[in-house]
Amino acid sequence: MIPTTLIFYFLNGLFYASYLFLVASGLTIILGILNVLNLAHGSFYSFGAYVAAFIATLFLNNGLPTPSLFMALFMAALLIGLMGSGVEFSLKPLYKRRQEYQLLFTFALSFIFEDLIKLIWGFNPWTCPNLFAYMGAVNILGQFYPSYDMFVIFIGFVSYLFIWFFFYHTRTGNLARAVAFDKEMSSALGVNVSSLYTKIFFIGAFFAGLGGALILPAINAIPGMGSDALGFAFVIIVIGGLGSVKGAFVGSLIVGMVRAVGIALFPEIELGLIFTVLVIVLILKPQGLFGKRFE
Amino acid sequence: MEEPILFTKNLKKYFGDIHAVDGVDLKVWEKELVSIIGPNGSGKTTLVNLITGRIKPDEGKVFFKGKDVTGLSPEKLVKIGIARSFQITTVADELTALDNVRIAVLSRLRRSGKAFSLIDHEEEATKEAERLLKAFELLDREYSLAKELPYGDRRLLDVAICFALKPKLILLDEPTSGVSTAEKDTIMKRVSNVIRDEGITSLIVEHDMDIVFSYSDRIVAMHQGKILAEGKPDEIRMNEEVKNVIIGRGV
Amino acid sequence: MGMNIKTFSLYLLVCGIIFAIAPFFISSYYVYLIALGMVYGIWALSWNVLFNYTGLLSFGHALWFALGAYVVGLTQERLMIMSMECYLGLTLVVSFILSLAVGYLCVRYTQIYFALLTQGFSMLFYAMLVKFYSFTHGTDGISVKVPALLGMQFTNVESFLRAYYYYILLIFLLCATILWIMMNSPFGKSLQFIRDNSLRARFIGIPIIKYRLWSFVIAGVFGAISGALFAPLNRQVCPELTYWSSNGNVVFMTLLGGFSVFAGSAIGAIIFVFLQNIALTLTIYWQLIAGIVIVVIVYLFPKGLTVSIKDMVVGMYKKVHGR
Chain A
1 MIPTTLIFYF
11 LNGLFYASYL
21 FLVASGLTII
31 LGILNVLNLA
41 HGSFYSFGAY
51 VAAFIATLFL
61 NNGLPTPSLF
71 MALFMAALLI
81 GLMGSGVEFS
91 LKPLYKRRQE
101 YQLLFTFALS
111 FIFEDLIKLI
121 WGFNPWTCPN
131 LFAYMGAVNI
141 LGQFYPSYDM
151 FVIFIGFVSY
161 LFIWFFFYHT
171 RTGNLARAVA
181 FDKEMSSALG
191 VNVSSLYTKI
201 FFIGAFFAGL
211 GGALILPAIN
221 AIPGMGSDAL
231 GFAFVIIVIG
241 GLGSVKGAFV
251 GSLIVGMVRA
261 VGIALFPEIE
271 LGLIFTVLVI
281 VLILKPQGLF
291 GKRFE
Chain B
1 MEEPILFTKN
11 LKKYFGDIHA
21 VDGVDLKVWE
31 KELVSIIGPN
41 GSGKTTLVNL
51 ITGRIKPDEG
61 KVFFKGKDVT
71 GLSPEKLVKI
81 GIARSFQITT
91 VADELTALDN
101 VRIAVLSRLR
111 RSGKAFSLID
121 HEEEATKEAE
131 RLLKAFELLD
141 REYSLAKELP
151 YGDRRLLDVA
161 ICFALKPKLI
171 LLDEPTSGVS
181 TAEKDTIMKR
191 VSNVIRDEGI
201 TSLIVEHDMD
211 IVFSYSDRIV
221 AMHQGKILAE
231 GKPDEIRMNE
241 EVKNVIIGRG
251 V
Chain C
1 MGMNIKTFSL
11 YLLVCGIIFA
21 IAPFFISSYY
31 VYLIALGMVY
41 GIWALSWNVL
51 FNYTGLLSFG
61 HALWFALGAY
71 VVGLTQERLM
81 IMSMECYLGL
91 TLVVSFILSL
101 AVGYLCVRYT
111 QIYFALLTQG
121 FSMLFYAMLV
131 KFYSFTHGTD
141 GISVKVPALL
151 GMQFTNVESF
161 LRAYYYYILL
171 IFLLCATILW
181 IMMNSPFGKS
191 LQFIRDNSLR
201 ARFIGIPIIK
211 YRLWSFVIAG
221 VFGAISGALF
231 APLNRQVCPE
241 LTYWSSNGNV
251 VFMTLLGGFS
261 VFAGSAIGAI
271 IFVFLQNIAL
281 TLTIYWQLIA
291 GIVIVVIVYL
301 FPKGLTVSIK
311 DMVVGMYKKV
321 HGR
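If you read the sequences in order, they're chains A, B and C.
If you read the first sequence in the numbering used here, its first letter stands for residue 1, the second for the next number, and so on.
If you read the second sequence in the numbering used here, its first letter stands for residue 1, the second for the next number, and so on.
If you read the third sequence in the numbering used here, its first letter stands for residue 1, the second for the next number, and so on.
Read the hints as simulated data drawn from the structure, not as lab findings.
None of the values given here were measured: they were computed from a predicted structure.
Be careful, since some hints might not be right.
[Unchecked claim] Using 20 Å as the maximum straight-line C-alpha spacing, the simulated DMTMM-like pairs for lysine to aspartate or glutamate come out as follows:
1. A/K96 x C/D140
2. B/K147 x C/D196
3. C/K310 x B/E94
4. B/K65 x B/E94
5. C/K6 x B/E123
[Claimed, not checked] If you only want the chain A side, here are some residues facing chain C, beta carbon under 10 Å, derived:
6. L39
7. L78
8. P93
9. Q99
10. Y101
11. F105
12. L109
13. S110
14. P146
15. M150
16. F234
17. K246
18. L271
19. L273
20. T276
[To be verified] Cβ pair distances, simulated, as ranges:
21. B/S144 x C/F25: 55 to 61 Å
22. C/S245 x A/G190: 39 to 45 Å
23. B/S144 x A/M75: 55 to 61 Å
24. C/L174 x B/G178: 30 to 36 Å
25. C/T139 x A/G190: 37 to 43 Å
26. C/G138 x A/P65: 44 to 50 Å
27. A/A264 x B/D93: 52 to 58 Å
28. A/N124 x C/S134: 29 to 35 Å
29. A/F266 x B/I88: 21 to 27 Å
30. C/K310 x B/W29: 51 to 57 Å
31. A/V191 x C/R235: 40 to 46 Å
32. B/S144 x C/V320: 49 to 55 Å
Backbone N, C-alpha and C define an ideal beta-carbon position, used for all residues, glycine too.
Chain A with its partners taken away, still in its complex shape (with noise of 0.2 Å):
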C-alpha cells in the first residue's frame, strides 16, 4: 500500500540521517573549529564498529546479558573519543605549517586506519545482531519496523541536542564557539587553545565512533565501510555548510531521505546520485545551507 510504503521509506530515510549526522556532525564541528579538514574521519566510524563488535562478544562470551550490549556501544564510542584524541595529538606539529599537510597528514592516516582494521579483524565482516533481535520490533500500520532502527533515530535526535546544549551552554563549547571565531584573541584572552582543540577531537570522534557502534547490531562492520560514510558526510556537510552543525543535521536529513528513496528504487545510481548532488550544491550554493561560520 502506498501510504504504508512511504512511512517506511521515511523512517529508512530517518535511520540512515540519524547515523550520518553522527558522523557527519564530527567532521563539520572539527572542522569548524580547528580548520582541518579530517579524511581519517570515516576510520574513527567504521572502528567504533568493529570496537563494538570486539567489546560486544567480550561481554556475551563471559554471559553478560544482551541488555549490556547497550554499555558496550557507548563504551567503543568513548574509546573512539581518545582515538580522536590521540589523532589531534599528532597534528599538533603540523597547525603552523601549509593547511595542505593537514589534509595529506589525515589522508595517510586514514590508509593506516584501513589496513590496520584489514590486519586485526581480517577481511570478513563482523556481525553481532543480538541487541537488534533483543529488540523486536514496533507495528505501524499493520508492518513491522524493528525497534532498534527507531532506537538509532532516537539517539540522532538526542546528539544533536547534546551538541546543541555542549556549544551554547557549556563553558567549554561557548570558548570553542570563540575560538572558531578568532583564535588569536580567544589565545590572548587566556584561552588554552591547545587543549580545546583536543576536547573538540574527542567529541567529534565520539559521535562517529558513535555512529558505527550503532550501525554494528543493525547492519555489520566491515572493511571499506569507513571510506563510504566519509563520502557522505562530505556531501552532507557540503549541503548544510561548512562549520555548521544545523547544517550537518538538515544536510543529513536531506541525504538520509535521498538514500532511502535511491536504494528502494534506483540501486544501481545511489552513489552517482549522492555525488550529482554535491556537484550542483557546491556551484550553486558552496557555502551550502548555512554558511560558513560554526554555529
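Based on these hints, arrange chains B and C on the given structure of chain A.
Then chains B and C, alone, in the frame of chain A:
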C-alpha cells in the same frame, strides 16, 4: 585651469552604521603628488579602495580623465591606467624580485598569457623590470626571492610593481609603514624620484608628517569620512582644525 | 624552477640516455616498472601543475587518468581501432573539451571547496563507469589488446613491451619538456604569481579565473594522455582508476618526490612504482606502508624526499667547505 585627472563626486561608502567615506569630492591634477592624511578610521584606505575598484561605492562617482570609472573592476582600471600598492606588503613571496616586476610588465604588454616561450627570453620585459629595480636600488637583489628581502625592500618592491604597469595615476597606501624612522626618508626619496622622473600623478596615504610635508605638492586632510581641509603644505601647517584633529595626535 | 634551459636540456639528455640504455642491463620486469613509472610520472607532473604552480589541491585528478584509459579501451572495443596514435589524438580532443567544461565549474573555488569539488567529479565518473554496465562493462572493466605503434603490429606481448617502452620514453620526455617550458613561460610565472598572491595578481591586470582554467585544462589533458598510455601497458582498465583512493596515489607520488621542484613529481612517481612493488611482495597491507611513509615524510621531509636530500647534501657540502 585644466581639468583634474581624477575627481570624485560625493563618494560615499557605508559599513552598517559606519560612514567610512561620507561625501568626498576629491580633485587631483596631473603630475601632482598629493598626500592624504588623517587619523585611523578617517576613511583614507576606504577611499583608496573605492578609487581602485576593490570595493564599490554606495553613492557617488569616480571620474578619471573625464570618464566615469565608478565601480569598475581592478583589472579594468589597470588597463585604463590606475595602479595601487598596499598597506600590508602584497607581493609574490615565492618568486624573485625580478619576476615580481617582470610579470607586471608582461601583464601590461599583454604578454602574460604566452605559454610556449621562456620568460627569460622576454628581452623587453626583462630590461624594463631591471631598469625599475635599479631605480629602486633593488637590482643587486633581483634574483632573491621576495620573501628573503628585508622589510623595507619588500615595501619598495610592492611599489615597483605598480610602476611596472606604467600607470597614469598611482595610489600608494602607506608606502613607508612598518619601516624604521631612519629608513622612511630613504624609501620615500626613491619613490618620489621615480614619480617625478616618470611624470606620474600620485595619491599617497601617509601618517608620517615629516614625509608628508617634505614631499607633497598638496595635502588632503580627512576626518570621519569627509575632507576636512586641503591645500599646499604651508596652508595645511597653519590650519588649526587640521592641527587639532590630525597633527596634534602626533601619529 | 630556478633552472635555465641549458641545465634543463642537460638533465633531460642524461635522463633520456640512461633510460634508453637501461633495458639492455635489466630484466623485462624492471623495464615494465620503469615504463609504468614514466606513465605515472606524466600524471604526477600534470597534477603538480595545479598544486605547485597554481596553488590548487586537486583530489580528483584520477578522473583524467581514467578518462584517457577508457578512451583507449572503448575506442578499441567499440570502434575496432588499433592505432595508438589514434587513441592519443582522440584522448587529446576529448580531455580538452571535458577539462574545459569541468574546469569552468571548478576554478571558481579554492582550497577545500576545490578539493571536494574535484573529488566529487572523480567519484561521479566512477559511478557512471559502474552504472553504464552495458557500455563500460562496469566493475569488470575492459581488457585492452596490444595496439599498433606507428603502424607497427606486434604478435606477442614481449616484443610489444620492448618497443612500447621507448614509445613511452619519447612521449615522457616530450611531455616533460612541454610542461617545463610552460611553467617557465610568462603564463607559468603568472600562474605562480596568482598562487602566491591572487589579490595582487588582479591588481596587475591578470585574469585569474581564466588562467586557472587554462592550468586546469593543461593538467587534465596531460593527465588523460598518461591514462591513455597506461591502458596498453596494463592491458586492463577498470573504474577503480578513478576511485577516491587512486586520487591519493598521485598526491603521494608528488609528495614523495617533492612538489616544489619541477622534476620532483616525476621522480616520486618512479619511486612510488618501485616502493609499491617491493611492499606488495612483502605484505598485502600496502596502504598501511604507504600511509606510514607519507606520515614520515610530512613530519621529517615536508619538502619531499628529493628536495630534502638535496638540501641535506648542500648543507653537508657547506659544512665541509666552511661556508
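Could you check if A/L109 really has its C-beta closer than 10 Å to a C-beta on chain C?
-> 7 Å, holds
Mind checking the hinted window 44 to 50 Å against the Cβ distance between C/G138 and A/P65?
-> Holds: the Cβ-Cβ distance is about 46 Å, inside 44 to 50 Å.
Taking only the CA atoms, is the gap from B/K147 to C/D196 under or equal to 20 Å?
-> 11 Å, holds
Using 10 Å as the Cβ threshold, decide whether A/P146 counts as touching chain C.
-> Cβ of A/P146 sits 29 Å from chain C, so the hint is violated.
Beta-carbon spacing of A/A264 to B/D93 - inside the hinted bounds 52 to 58 Å or not | Since the Cβ atoms of A/A264 and B/D93 sit about 54 Å apart, the hinted range of 52 to 58 Å holds.
Per the hint of 55 to 61 Å, is the separation of the Cβ atoms of B/S144 and C/F25 within bounds?
-> 44 Å, violated
Agreement of hint A/K246 with chain C interface, Cβ distance less than 10 Å = 19 Å, violated
Between C/S245 and A/G190, is the Cβ distance one that fits in 39 to 45 Å?
-> Since the Cβ atoms of C/S245 and A/G190 sit about 43 Å apart, the hinted range of 39 to 45 Å holds.
With a cut-off of 10 Å on the beta carbons, see whether A/T276 makes it to chain C.
-> For A/T276, the interface hint holds, since the closest Cβ of chain C sits about 6 Å away, which is under 10 Å.
Please test the hint of 21 to 27 Å on the beta carbon pair from A/F266 and B/I88.
-> 53 Å, violated
May I ask you to test the hint 55 to 61 Å on the CB atoms belonging to B/S144 and A/M75?
-> This hint holds: roughly 59 Å between Cβ atoms.
Between A/N124 and C/S134, does the C-beta distance stay in 29 to 35 Å?
-> 32 Å, holds
Violated hints, listed in ascending order, are 1, 4, 7, 14, 15, 17, 21, 24, 25, 29, 31 and 32; each of the other numbered hints is respected by the structure.
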